[in-house]
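Asker: Residues per chain, in single letters:
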Amino acid sequence: MNEFVFFINNVLISGVVIGSIYALGAVGITLIFSILRFAHFAHADLMTLGAFFAFFLTALFPAIGPALGLPTAFVMLPLAMGLTALTAVYLDKAFYKPLRAQGVKPIVLVMASLGVTLMLQGLIRMFMGTSSRNLYIDDRKGIHRIDVPFELANRPIVITDPQILLILFLVVAVIALHLFLTRSKLGKAMRAMSDNPDLARVSGINTQKVVTVTWIIAGSLAAAAGTLLSLDVSLKPDLSFMLLLPIFAAAIVGGVGHPYGALAGGFVIGFAETLSVFNWAVLLRPFRDQLWFDLPANLAFVPTEYKITVPFFILLAILVWRPTGLFKGKVL
Amino acid sequence: MHLLEAKNVHGGYGGMNILNGLDLAINADEIGVIVGPNGAGKSTLLKAIFGLLRVTEGSIELRGELITNADPGELVLKKMAFVPQEKNIFPSLTVQENLEMGAYSRQDNYQHILEQVYHFFPPLADKRSQPAGELSGGQRQMVAMGRALMIEPSLILLDEPTAGLSPLYMADIFERIVTINAAGVGVLMVEQHAKQALKIAHKGFVLVAGQNRFTDTGMNLINNPEVAKAFLGG
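Going line by line, the protein sequences match chains A and B.
The first sequence begins at 1 in the UniProt record's numbering and counts up one residue at a time.
The second sequence begins at 1 in the UniProt record's numbering and counts up one residue at a time.
Okay, chain A solo, but in the shape it has when bound (with noise of 0.2 Å):
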C-alpha cells in the first residue's frame, strides 16, 4: 500500500497541483490570444510579478495571515492580483495599444511581448535580485499528513496548506469565469469580440472596455497562480522561464482561444510531467518476483531534471496530429 501512497502524492496530487498553476497561466494565454490575437510572451512574467507583488505585502503586513488562519500571503492574495492586473492594464497601454494603432501584424506584437519578458524579467532582477525567497514570513507552510486506513500503508498522504487553497482557488475562479462569459453582459461581448472582431464594433460593443477587461482577468489569473506556486515551493526570479513553455503548451493543447480547452491542457501537461518523472519501479516493486525481467532501482520515462521537455513534446505531437487543440480552437 505504501507504493500506492506514494503513486498519490507524486503523480495524483502533484499533477493536480502543477496542472491547476498551468490551467490558471494558459486560460490567461487563451484569453489574450483569442481577443487581441498575438500570443502573450510576458504571460509567465505576470505570473511572476504577481507573486513578487504578494512578497511585498507579505513583508509589509506580517502578522495579518496568523490572526486569520491562513498563510499571509493568500489573504494578501486579491491585492496582490489587483496590483498586476492594473500592471497589465498599464503595459497594454504602454507597449500594445500603440502598436495596435498602427495596425501591425501579430508577429510585431508577439516580438514586443518578448520585450516586455526581458524588462520584466530585469526590472524583477534588479529590485528583488536572484535569490529565492519564501514567503512564508511570520508564519510556517501548514502541511498536513493524511493516514490510509489500511494496515499495510504506514505512510500518510501529504498535502499542504497552499495546495488545498490553490485547488480551492481554481474551483472558485472556474465558476467565477464561466458565469461571467455566460451570463454578464460584458462577458458574452468578450465571447462575441473573440468570434468576430468587426461584428462587436459595428454593433456598438466598447470594444476598448472588452481589451481592458481582458488583461485584468489574465493579470490577476496569472498572479494567483504565480502566487500560489511560490507558496508551495518557493518565489524565484526565473520562475517564468520554468512556466513559458508548459502554459503555452497547455493553451495550444486546449485549443487556443477556448478557456475551457486550456483548462484541460493544463491538467494534460501536469500529469504528462508528473506521470512522465513518476519512477515507477515503485508502484511495481511489489510483484517483482512475478515479473520476467530485473526490476531497476529508477524506472522514469523521462528523469526529473529533464521534466521541462514533456511539455515540449507534447506540444510537438500536437500540432502534428491534431492542429486545433483538443477542443478545436482557432488555428493559429
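To be clear, the hints were calculated from the coordinates, so they are not data collected in a lab.
Check each hint, because a few of them may be wrong.
Sample of chain A residues with no beta-carbon within 10 Å of chain B, all distances over it, derived [to be verified]:
#, residue
1, Val-89
2, Leu-118
3, Phe-127
4, Arg-191
5, Ala-192
6, Asp-195
7, Ser-203
8, Ile-205
9, Ser-276
10, Leu-315
DSSO-like cross-link-like pairs, simulated, lysine-lysine; straight-line CA separation at most 30 Å [what the hints assert, rightly or not]:
#, chain 1, residue 1, chain 2, residue 2
11, A, Lys-93, B, Lys-127
12, B, Lys-78, A, Lys-93
13, B, Lys-78, A, Lys-209
14, A, Lys-185, B, Lys-79
15, B, Lys-87, A, Lys-185
Values in this document were obtained by computation on a predicted structure and should not be read as measured data.
Where is the CB? At the ideal position from N, CA and C, for every residue including glycine.
Given chain A's structure and the hints, the job is docking chain B onto it.
Answerer: Coordinates of chain B only, in the frame set by chain A:
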C-alpha cells in the same frame, strides 16, 4: 431634410481611391438601393458611411448632422445600424446572445424588442438557445438583420442581404425588408440582384468606378433601356 445625405464622397483603402466623388440621398421611410458592376465601390460606400473606412473628401450627414468619419459606436447610438455582407453573425454565440449583442449600447430594458424580433423572424424564436453558427444561410441572415434591429434603428445599411441565398429565401428577405421599411425604418442596401432589388426601391443608385452613373427612382431605372442593357442583363 434628408435622412441620409452623402456629398462628393472620396475614400478608399491605403492610397487607392475607390470612391471618386459620390452623391447619394435618401429620405426617412425610403428604401435606397445601390447597384453596379463588381468593383464599383458599392460595399466600400456603405463602409465609408458607417465609419469603417476613412473618407478623405466630401461629407456625410444624418438628419442634417455631420457624421463624416464618425466612430461606428457613435453611429449606433444615433440609431444607425449596419449589416455586413459576410461574417455578419457571432457563430459561437446563441441566437439570443447575438441579438443581445445588437442591443449592447442600450441601457434600458429591451425585452419587448427581443420579442418583436422573434415575432418578425419566427424561425429564430425556436432556435434562440442554439449557436448561430449552426443555422442555415437564410436563418443566419435573419440573425444578422435581427441583431441590427435591436437598437430600433431609424436607418439600416444592408450589404447584399441576399448574397448566397436560394431564390425562395431571397424573395422572403426582400419581403421582410419592405416590412421593416413600412415600420418607418430607412433602408440603404447594396444588391447584386439588381432587378429584384430596384423593384422595391424608392431610390436607385447605379455606381460605376466609384461615381454615380444613374440616380432615379427604382422603377425608372428598371424602365431605362440604357440601365437595363448595361446593368440589369437586358
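Asker: When the structure is checked against the list of hints, which entries are broken? Sort them ascending.
Answerer: Going through the list in order, the structure violates hints 4, 5, 6, 7, 8 and 11 and respects the others.
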